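K.L.:
The primary structure of each chain is shown beneath.
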Amino acid sequence: MAEIVSLAKAVGRAVRDGDTVAMEGFTHLIPFAAGHEVIRQGRRDLTLIRMTPDLIYDQLIGAGCASKLVFSWGGNPGVGSLHRFRDAVEHSWPGPLELEEHSHAGMANRYVAGASSLPFAVLRGYSGTGLMDGVAEPSIRPITCPFTGEILTAVSALNPDVAIIHAQRADTSGNVQFWGITGVQKEAVLAAERSIVTVEEVVPHLGARPDAVVLPSWTVSYVAAVPGGSRPSYALGYYDRDNDYYLAWDPIARDRDAFRRWLNAEVFGVPEAARGR
Amino acid sequence: MAEYTSDEMMTVSAARTLRDNVTCFVGIGLPSAAANLARATHAPGLVLIYESGTIGAKPGRLPLSIGDGILAETADAVVSVPEIFNYWLQPGRIDVGFLGAAQIDKFGNINTTVIGGDYAAPKTRLPGAGGAPEIAASCREVIVVVRQTLLSFVERVDFVTSVGYGSGPGTRQRLGLTGAGPLKIITDLGVLEPDPATQEFVLTGLYPGVSVRDARVRTGWDLAAAAELSTVPPPSAAELTALRGFTANAKE
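Line by line, the protein sequences are chains A and B. So that you can map any letter, position 263 of the first sequence is 257 in the numbering used here, and since no number is skipped, the others follow by simple counting. So that you can map any letter, position 43 of the second sequence is 55 in the numbering used here, and since no number is skipped, the others follow by simple counting.
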C-alpha cells in the first residue's frame, strides 16, 4: 500500500545518494516539484534516467546531483538546447556527466522489459546508426531471432532504484490515476524498486475514467499531494504548459551565474508552504 | 503576388509533399508546421501521429511541442509511448515520416547528436535521437525539412543518428530497414531528390528567384542539378493565410 506523506518525506525516504532515478512524464505531467526537492535535499552521484531530460534534468544536472544520464532526446522542446546539460557534456561543469544514449523506441522498450522483469527487450531499431557503435555499450546488442534467424536489436532492461512521476489524482488509499499523454510513466513505476507519485489532488474516491491509466496503491511506495507539482509542464484538466517559462529558461541556463541565482531563488529560497505551486 | 519569407516558402513546399488521407509521423519543429499546414489546406484527411502517442491529432493551432495538450485533446486515440513505437511505427503502418535535421549528407543520413570533435568530447552537443532513427527506418517513406547551409549540408555527417541511404545503394536492404528511405529533402532554397542510380541527393526543384549556384554555394558536397529542373510555384494566398493564421495563434 502506498503511504501518503509529504513531498520532503517521500524524497527523503526513497532517494539515496548513488541511486538510479527515473523521473518520467512526456512533456505532460513532468514531476518538477519532486525534482526540486531532490536538489534541496542535496542528493549526489545520481544516475538520472529520462527519455526527454527537459528542463527538470537540466536543473538537476546544473545543481550537481547527477554523474550519469540515460536518455534519448536532450533538448528544450520548441526552444533549443539544454544549456546546463551541454555545459556538463562539453565542459564537465559542475562535474563530468557520463552518457548512455538511446532512441525513444529503445528507451520505451527498456522500460517495458524492466516492468516485465525480463533482462532485455527486442525491437527493429538502431541498425546502421552511430548509437550501435559503442555509444550506449553495453546496453544495445544485435540478437538473432531463434525462430526465423532474422537479426534484430536487443536493448537491456531499465530497472531504476526509484521512479518519480506526477499524476492528476490519487484517492485516500493511494490509488493513482492519470490521463492525457501518459508516456512511459506506468512502465517506469512498475520497473522500479521504489516509487513516488506526486498528485494534483487526493480525493476520497477515484471516479472511473475510460481513458485513464490507474496504478493501484500496492504498486506505489509514496504518494504526496503537490498541487501544481508539474509546473511549468502541464497537467491536463488542471493547468496549461507555461510556454513562456520554457523560453525564459534559455538565458538562465546559458549562464552559470544566472543559473546559480535561479537555483537560490526558485529552489532553495522557496518557503515550504509554497513548494510545488 | 504577396511577399513571403524563405522559411514560409520552405514550409509551404514541404506541406505540398503530403497527399490527402495518408498517415504521417511528425517530428518536432519545421516538420510539424508543414504537416499542420497541409492538413489546414489541401489535405484535410491527413492523419497526424506524434511520438507522444497521439494518433489523428487535429490541432486548431500550431502545437508548441510534440506533447502539446491540444494534440491529446483533439486526437482519435492517445496511446502510451511504448505502444506508439511498437504497434504503430515498427510494423510499417505509417506512410510518411516527416523529419528535421541539424546535419544531413548527400545520402540523406541525418545527424542530431554531436558536431565536431568526437562523441565523447564533441564541439557541439545536440539533443540526440528522439524518435527519428526508427521513423527513418520504418515509415514507408521519409521527407526531411531542413534549412540549407554549409554547416547543415555536408559530404558526410559527423554522426549517423538516423539512416538515409547509408553509403549508397544496397545499404538499407543490408541493414534490414523496411521503409524506402528519404524521398525528398525540402530546404529554404528548393527541393532535392535521390538519383535513382547512386542514391545521392540532387537538386530537382528551385524556388522563384533562387539559382543553382545559390544552392551549390550552400552545399558541402558537389551538388548536381537534375536535367529537368522545376521551378516550385510560390505560396498561394490561401497557403500564406493558413500558415500565418496558425503561427499567430500559437503565439497567443
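Hints were generated in silico from the structure; no laboratory data involved. These numbers come from a predicted model, not from an experiment. Idealized CB from N, CA, C, for every residue including glycine. Mixed in with the good hints, there may be bad ones.
[Claimed, not checked] Covered stretches of chain B (in silico footprint by chain A; criterion: 3 or more residues with CB under 8 Å from a CB of chain A, positions within the stretch not fixed):
#1 58 to 65
#2 95 to 103
#3 193 to 205
#4 211 to 225
#5 247 to 259
K.L.:
Checking C-beta pairs, does the stretch 95 to 103 of chain B have three or more residues closer than 8 Å to chain A?
P.N.:
This one holds; 4 residues, not fewer than the three required, reach chain A with a Cβ under 8 Å.
K.L.:
Count the residues of the stretch 247 to 259 of chain B whose CB lies closer than 8 Å to any CB of chain A, then report whether that count reaches three.
P.N.:
violated (count 0)
K.L.:
Quick check: the stretch 211 to 225 of chain B, covered by chain A? Criterion 3+ residues, Cβ under 8 Å.
P.N.:
violated (count 0)
K.L.:
Closer than 8 Å Cβ to Cβ for three or more residues is the test here. Does the stretch 193 to 205 of chain B pass it with chain A?
P.N.:
Answer violated; 0 residues pass the 8 Å Cβ test.
K.L.:
Counting residues of the stretch 58 to 65 of chain B whose CB is closer than 8 Å to a CB in chain A, do you get three or more?
P.N.:
holds (count 3)
Comparing the model with each numbered hint stated earlier shows that hints 3, 4, 5 do not hold.
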